[in-house]
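Undergrad: These protein sequences, in sequence, are chains A and B.
With the numbering used here applied, the first sequence covers 1 to 109.
With the numbering used here applied, the second sequence covers 1 to 118.
The set of hints was computed from the structure by calculation and includes no laboratory data.
Note that the coordinates shown come from a computational prediction; the quantities given were computed from them, not determined experimentally.
For every residue, glycine included, the Cβ atom is placed at its ideal position computed from N, Cα and C.
Honestly, I wouldn't trust all of these hints.
To be verified - Simulated restraints on C-beta separations:
#, chain 1, residue 1, chain 2, residue 2, range
1, A, I18, B, K71, 32 to 38 Å
2, A, E15, B, T13, 38 to 44 Å
3, B, P70, A, N94, 23 to 29 Å
4, B, P70, A, D27, 31 to 37 Å
5, B, R81, A, E57, 30 to 36 Å
6, A, S69, B, T13, 30 to 36 Å
If you want the building blocks of each chain, they are given just below.
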Amino acid sequence: QKEVEQNSGPLSVPEGAIASLNCTYSDRGSQSFFWYRQYSGKSPELIMFIYSNGDKEDGRFTAQLNKASQYVSLLIRDSQPSDSATYLCAADYNDKIIFGKGTRLHILP
Amino acid sequence: DTGVSQDPRHKITKRGQNVTFRCDPISEHNRLYWYRQTLGQGPEFLTYFQNEAQLEKSRLLSDRFSAERPKGSFSTLEIQRTEQGDSAMYLCASSLAGGTFTAKNIQYFGAGTRLSVL
Chain A
1 QKEVEQNSGP LSVPEGAIAS LNCTYSDRGS QSFFWYRQYS GKSPELIMFI YSNGDKEDGR
61 FTAQLNKASQ YVSLLIRDSQ PSDSATYLCA ADYNDKIIFG KGTRLHILP
Chain B
1 DTGVSQDPRH KITKRGQNVT FRCDPISEHN RLYWYRQTLG QGPEFLTYFQ NEAQLEKSRL
61 LSDRFSAERP KGSFSTLEIQ RTEQGDSAMY LCASSLAGGT FTAKNIQYFG AGTRLSVL
């Protein structure tokens with residue numbers, strides 16, 4: 001059973017601080033990983049994708065991948081109230097995307 | 001192109017009725033995925049198409065569910081004899097297969113169809 005595991009939260013972070021979201025996956029065969037943001041009642045929106053070990057930065061967001069530890073993370077710098085949402089981690093297993101249950105993030109003003 | 005389009009946005013039906021949802025993908029995308037999402041869960045894979053071919057269907061999907069993509073463009077998802085447990089958000093996503101690896105299978109979602117079975 002291919003799985004993606006996330007802490008459901010909620011994770012509460014003060015405004016302006018760094019939010020750190022984590023994810024583990026079960027199958028070493030996965031090549032690509034994704035972070036989606038989902039506001040309540042809305043559909044998922046792609047934030048980042050990563051397929052190489054190491055860090056990938058895009059604005060306030062940094063994705064980190066460690067294939068040896070089967071671990072993916074997302075850092076959000078200078079957190080804003082608008083970042084409050086559920087963050088979904090996903091892994092591509094032979095073209096089938098498996099999602100975690102998501103981590104709820106609350107940015108405290 | 002304005003993105004992935006789903007219709008209807010909301011559907012309320014009585015138990016036992018059949019329902020059909022439509023998804024129009026991003027025009028240059030050759031892959032189309034269907035997911036189901038319930039409260040507090042991530043999207044659950046149902047099935048996907050590459051062009052008109054249905055390449056995989058979840059083992060969790062009962063025979064009451066069927067999907068088509070007849071001309072490799074839009075897709076329909078039909079649920080026959082709906083049950084209260086079918087109440088969920090049904091999401092469609094599209095992606096481009098065969099591109100550069102950096103763009104491989106990045107999926108873009110539609111707004112979803114929220115189904116309520118009474």
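Undergrad: Compare the structure with each hint and give your call.
TA: Structure-based check of each hint:
Checked against the hint of 32 to 38 Å, the C-beta distance between A:I18 and B:K71 comes to roughly 48 Å, which is inconsistent with it. For the hinted restraint 38 to 44 Å between A:E15 and B:T13, the CB-CB distance of approximately 43 Å keeps it satisfied. With their beta carbons about 25 Å apart, B:P70 and A:N94 fall inside the hinted range of 23 to 29 Å. Checked against the hint of 31 to 37 Å, the pair B:P70 and A:D27 passes, with Cβ atoms roughly 33 Å apart.
One distance hint, 30 to 36 Å for the beta-carbon pair B:R81 and A:E57, is violated here, with the actual separation near 50 Å. For the hinted restraint 30 to 36 Å between A:S69 and B:T13, the CB-CB distance of approximately 46 Å leaves it violated.
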